[in-house]
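Peer 1: Using the sequences and the hints given, assemble the complete structure.
Here's the letter readout for the chains.
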Amino acid sequence: MTRTLVAALLGAALLTPAAPVLAQFKPTKPIEIIVHTGPGGGADVLARFIAQAVEKEKLASVRMQVNNKSGGGGLTAMNYVVEKKGDAHAIAIFTGNWLTNPLTQAEAKVTIKDMTPVVRLVLEPAVVVVKADAPYKTLRDFIDAAKKQPGQLKQSGGSITSRDNVIRQLMMKQTGANWAFISFPGGGERIAALLGGHVNMMVIEPQEAGEHIRAGNMRVLAQIAEKPLAAFPKVPTLKEAGVDIPYVPQVRGVVAPPGIPQDAVAYYEDLFARLSKTATWRKYLEDQQFEDGFQRSAELSQFFDQFTNRMREILKDAGAKVVR
Amino acid sequence: MDVLSGLIHGFSVAVAPANLMWCFVGCFLGTVVGIMPGLGPAATIAMLLPLTFKMDPTSAIIMLAGIYYGAKYGGSTTSILLNVPGESASVVTCLDGYQMARKGRAGAALGIAAIASFIAGTVGVIALMLISPPLAKVALSFSSPEYFALMALGLAMVVLLAGKSLVKALLAMLVGLWIASIGTDLFTATSRFTFGHSELLDGVDFVIVAIGVFAVGEVLGNMEQREAPQVLPVPKGLRNLLPTVEELKACRFAFLNGSIVGFLIGVLPGAGSTIASFISYGIEKAVSKHPEKFGTGVPEGVAAPEGANNSETGGALVPMLTLGIPGSSTTAILLAALILWGLKPGPLMIQDNPNLFWGLVASMYVGNVMLLVLNIPLIPLFAQILRLPVELLYPIIFGISMVGVYSVSGSLFDVWMLSAFGLLGYLMRKLDYPSAPLILGLVLGDSMERALRQSLMMSQGELGILVSRPISAVMLGLAVLILLLPLFRRANAWRVRALEENG
Amino acid sequence: MKSVANGDVVSGGVLAGLGVFVVLQASRWDYLAPDGPGPGFFPLWYGLVLIALSLVLMIGALRRRPADSGHAVHWNEVRRALLAWAALTVAIGFLNVLGFVVSFALLTFFIVSIMYRRPLGFGLAAGLASAAAFYLVFPLALNVALPTGLFGF
Numbered sequence: 001m002t003r004t005l006v007a008a009l010l011g012a013a014l015l016t017p018a019a020p021v022l023a024q025f026k027p028t029k030p031i032e033i034i035v036h037t038g039p040g041g042g043a044d045v046l047a048r049f050i051a052q053a054v055e056k057e058k059l060a061s062v063r064m065q066v067n068n069k070s071g072g073g074g075l076t077a078m079n080y081v082v083e084k085k086g087d088a089h090a091i092a093i094f095t096g097n098w099l100t101n102p103l104t105q106a107e108a109k110v111t112i113k114d115m116t117p118v119v120r121l122v123l124e125p126a127v128v129v130v131k132a133d134a135p136y137k138t139l140r141d142f143i144d145a146a147k148k149q150p151g152q153l154k155q156s157g158g159s160i161t162s163r164d165n166v167i168r169q170l171m172m173k174q175t176g177a178n179w180a181f182i183s184f185p186g187g188g189e190r191i192a193a194l195l196g197g198h199v200n201m202m203v204i205e206p207q208e209a210g211e212h213i214r215a216g217n218m219r220v221l222a223q224i225a226e227k228p229l230a231a232f233p234k235v236p237t238l239k240e241a242g243v244d245i246p247y248v249p250q251v252r253g254v255v256a257p258p259g260i261p262q263d264a265v266a267y268y269e270d271l272f273a274r275l276s277k278t279a280t281w282r283k284y285l286e287d288q289q290f291e292d293g294f295q296r297s298a299e300l301s302q303f304f305d306q307f308t309n310r311m312r313e314i315l316k317d318a319g320a321k322v323v324r
Numbered sequence: 001m002d003v004l005s006g007l008i009h010g011f012s013v014a015v016a017p018a019n020l021m022w023c024f025v026g027c028f029l030g031t032v033v034g035i036m037p038g039l040g041p042a043a044t045i046a047m048l049l050p051l052t053f054k055m056d057p058t059s060a061i062i063m064l065a066g067i068y069y070g071a072k073y074g075g076s077t078t079s080i081l082l083n084v085p086g087e088s089a090s091v092v093t094c095l096d097g098y099q100m101a102r103k104g105r106a107g108a109a110l111g112i113a114a115i116a117s118f119i120a121g122t123v124g125v126i127a128l129m130l131i132s133p134p135l136a137k138v139a140l141s142f143s144s145p146e147y148f149a150l151m152a153l154g155l156a157m158v159v160l161l162a163g164k165s166l167v168k169a170l171l172a173m174l175v176g177l178w179i180a181s182i183g184t185d186l187f188t189a190t191s192r193f194t195f196g197h198s199e200l201l202d203g204v205d206f207v208i209v210a211i212g213v214f215a216v217g218e219v220l221g222n223m224e225q226r227e228a229p230q231v232l233p234v235p236k237g238l239r240n241l242l243p244t245v246e247e248l249k250a251c252r253f254a255f256l257n258g259s260i261v262g263f264l265i266g267v268l269p270g271a272g273s274t275i276a277s278f279i280s281y282g283i284e285k286a287v288s289k290h291p292e293k294f295g296t297g298v299p300e301g302v303a304a305p306e307g308a309n310n311s312e313t314g315g316a317l318v319p320m321l322t323l324g325i326p327g328s329s330t331t332a333i334l335l336a337a338l339i340l341w342g343l344k345p346g347p348l349m350i351q352d353n354p355n356l357f358w359g360l361v362a363s364m365y366v367g368n369v370m371l372l373v374l375n376i377p378l379i380p381l382f383a384q385i386l387r388l389p390v391e392l393l394y395p396i397i398f399g400i401s402m403v404g405v406y407s408v409s410g411s412l413f414d415v416w417m418l419s420a421f422g423l424l425g426y427l428m429r430k431l432d433y434p435s436a437p438l439i440l441g442l443v444l445g446d447s448m449e450r451a452l453r454q455s456l457m458m459s460q461g462e463l464g465i466l467v468s469r470p471i472s473a474v475m476l477g478l479a480v481l482i483l484l485l486p487l488f489r490r491a492n493a494w495r496v497r498a499l500e501e502n503g
Numbered sequence: 001m002k003s004v005a006n007g008d009v010v011s012g013g014v015l016a017g018l019g020v021f022v023v024l025q026a027s028r029w030d031y032l033a034p035d036g037p038g039p040g041f042f043p044l045w046y047g048l049v050l051i052a053l054s055l056v057l058m059i060g061a062l063r064r065r066p067a068d069s070g071h072a073v074h075w076n077e078v079r080r081a082l083l084a085w086a087a088l089t090v091a092i093g094f095l096n097v098l099g100f101v102v103s104f105a106l107l108t109f110f111i112v113s114i115m116y117r118r119p120l121g122f123g124l125a126a127g128l129a130s131a132a133a134f135y136l137v138f139p140l141a142l143n144v145a146l147p148t149g150l151f152g153f
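Chains as they are written, first to last, in our numbering: chain A, 1 to 324; chain B, 1 to 503; chain C, 1 to 153.
The hints are simulated quantities; they were obtained by calculation from the structure and are not laboratory data. Virtual Cβ for every residue (Gly too), placed ideally from N, Cα, C. Certain hints may be false.
[Stated by the list, open to error] Just some of the chain C residues that point at chain B, by a computed CB distance under 7 Å: (1) G36; (2) F42; (3) V56; (4) L57; (5) R80; (6) T89; (7) A126; (8) F138.
Peer 2: Here it is in structure tokens:
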């Protein structure tokens, strides 16, 4: 009798490690995708596409619904995610802003480290363009011209913490050249400034530049991507063009509220892994000219640290006030 | 494809039964969205995007464009009837439109708004069709110094909006400038005046201030008296529900003014319909034979801004369609829609997709007619809202204000700010501070500061850049002239008095 | 019955105070950044003009005061308006607790029956009817979310 009991207990003890595998997370109600922009913004469009694609490819047993929490420079959405602690039915789309904004904004009450990393999805490449009738045929030409007239040449772009300026800072540091950065709040105004001849150069997403290049209004000097872009076979990468800077990508991915069970994270990792292999997703990446930057949560966590540390240094060099 | 054959082809596309239906759907939705404060065409278009994937792109753009310019028609309704700006550009319509309603001419005001919108909208489409490419090139030569001059001109309009006390008008404008600078500075990522609240990092949304100061402030003022008579007399009879011939004649210049100013300003990426309405209103007042009557309910004061904000849509489509550059948040979403449907907006888009361009242009003519036909019969219906006893109307206005503000970003913080601005609006009324300059300062302050800093960055600190370029020099010169007007007037009055005294 | 001139003095004082605040804050930011004017540039200037114009207003009002009776302020009217404002603010405070529908119904009831002295039943009916109308139009018909509270709507 005692031996049977011991055997039974031993058997139970042996089976227990297998228990987590058996208790798999399955969503039981619609999954909320939180985004920090209003309808039509970059993260919103991506989230809606994901919801649609997941439904189309039947990757989840429940619907996914986009919840717009715009405002506060992205902080409203971030705060909301952390408030949803423990809720396994909420995920959020993060962009590079989520990592950099808290560095310069004292008002930020949470950072990306307060959330659960899930997956990294896409990297957005960029191209360096000038107006078609500019005297710079290669990137070298521009850099040399900038060295001859320090601070005179101008680049249009977004805010001081945007990727455009990050690239500029890295390039200036590497080459010793110096040119001015003029911020415009909207993409339209930046392009208009370039096409109107009011600035000399800009860093722009290939998708935004595509048509202007095709119409012959813009010339591409270099591409900034991990792997050379299919749409620009003849354009040198920054490194090939003679400027060897670390690749600081524009990223988008998924995070989740803190304190959710490990198997929920595994579920989402898996979901997005399967999504990224579908033809629908591949076509989307191709149309948008994104790069596949898929990373699971462990790698993503490391990426967050690397990226944040690097951004902190770059922002300090750029003269922004870094608060954490 | 030249203009005439393009247009004929376009009409054949636009009057296809399916496209007519989509045009109507868009116009109708746009009108509803425009009437509701806070809910804007940009958000509506974005939410409808998934539905458009299965549609033909031409039909889809016809519908979405209908929402865009339809909203401009609807925006005047609540501005005139309730002093609640339906969307940002309708703020200027409140100034004279609501006063006309107080005098019993609500129907006439609504009618003039609809007619001005129709005329200006049509002019905008014609201009879009005929002069887009050369105009787009001219628009590109506009950059920060010119924008600064334009904003300075707009702010100089405060002199024209001043009324009795210029000092108070300027003070109101300065407060508006201060509110505009709340938020994150674009150039240095520094937070200004956020008092530690992350909700203020993106600044104070214009809608909150406008609805608070205008609508809530007005209601609070009206609630001072318990036994107030019907504050807004209900127009009776068809004659009173529509504008009279005299009123329409008075608006002749305003129709023209609104159409041209709105379109030209719309073409500039980044300058919006609000500044178009203000400048058009200012010009109308400046050339009027009775400028002192503006603000008390003159029909031209409704026709000019309403026309401007409608033809601005035509203007905003110019850079979008000819260059692929979005000029405002709504055109940015339309652009995103075009990309999602597989089209490539840019300089070659019209060439590659003549069907879409001409079909869209033709549908805008059709749409404007539809909107006129839709809106005019609704006027008597809307005017009936004024029949409500005030004790019911005022809570409803509070309710609409709260909903309108909350719908902007779903934040209760915004609704609290509505309360604060409502109190501010009331205090301004009691102390005789005009509210239009506050709004003007708020709208322009941001853009003007940005344009100035961008200009100085472009010129490495040389202020001369602002006057060395012809266009900006001219506009700045005009601004200075307008600012000196009160001095001229006073000097003139003194001179006249001196002459009279000397016999 | 105080005159408007007093109001000018007080409001001028408040605005001058705002101007001083703005200037002080602006001095903590960079007047000139490496590439161009910094965040402190504009605020400093409009802050200074704000102070200057407020003083002009105050001085003008103080000089006018004895001669100008202005138009009198009826304090009981102001009290009513402030009461209405307080009611609105309290209703906003309840938005998250009771939800929009209930808070708005209460606000309407308060305005109709208490402030405008209409019969209580009428006020109640008006409150319920308006709140219901808002509920039908906004969350149901237009899909615009309204704050919800304990009751779930």
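Peer 1: Which numbered hints turn out to be false for this structure?
Peer 2: none
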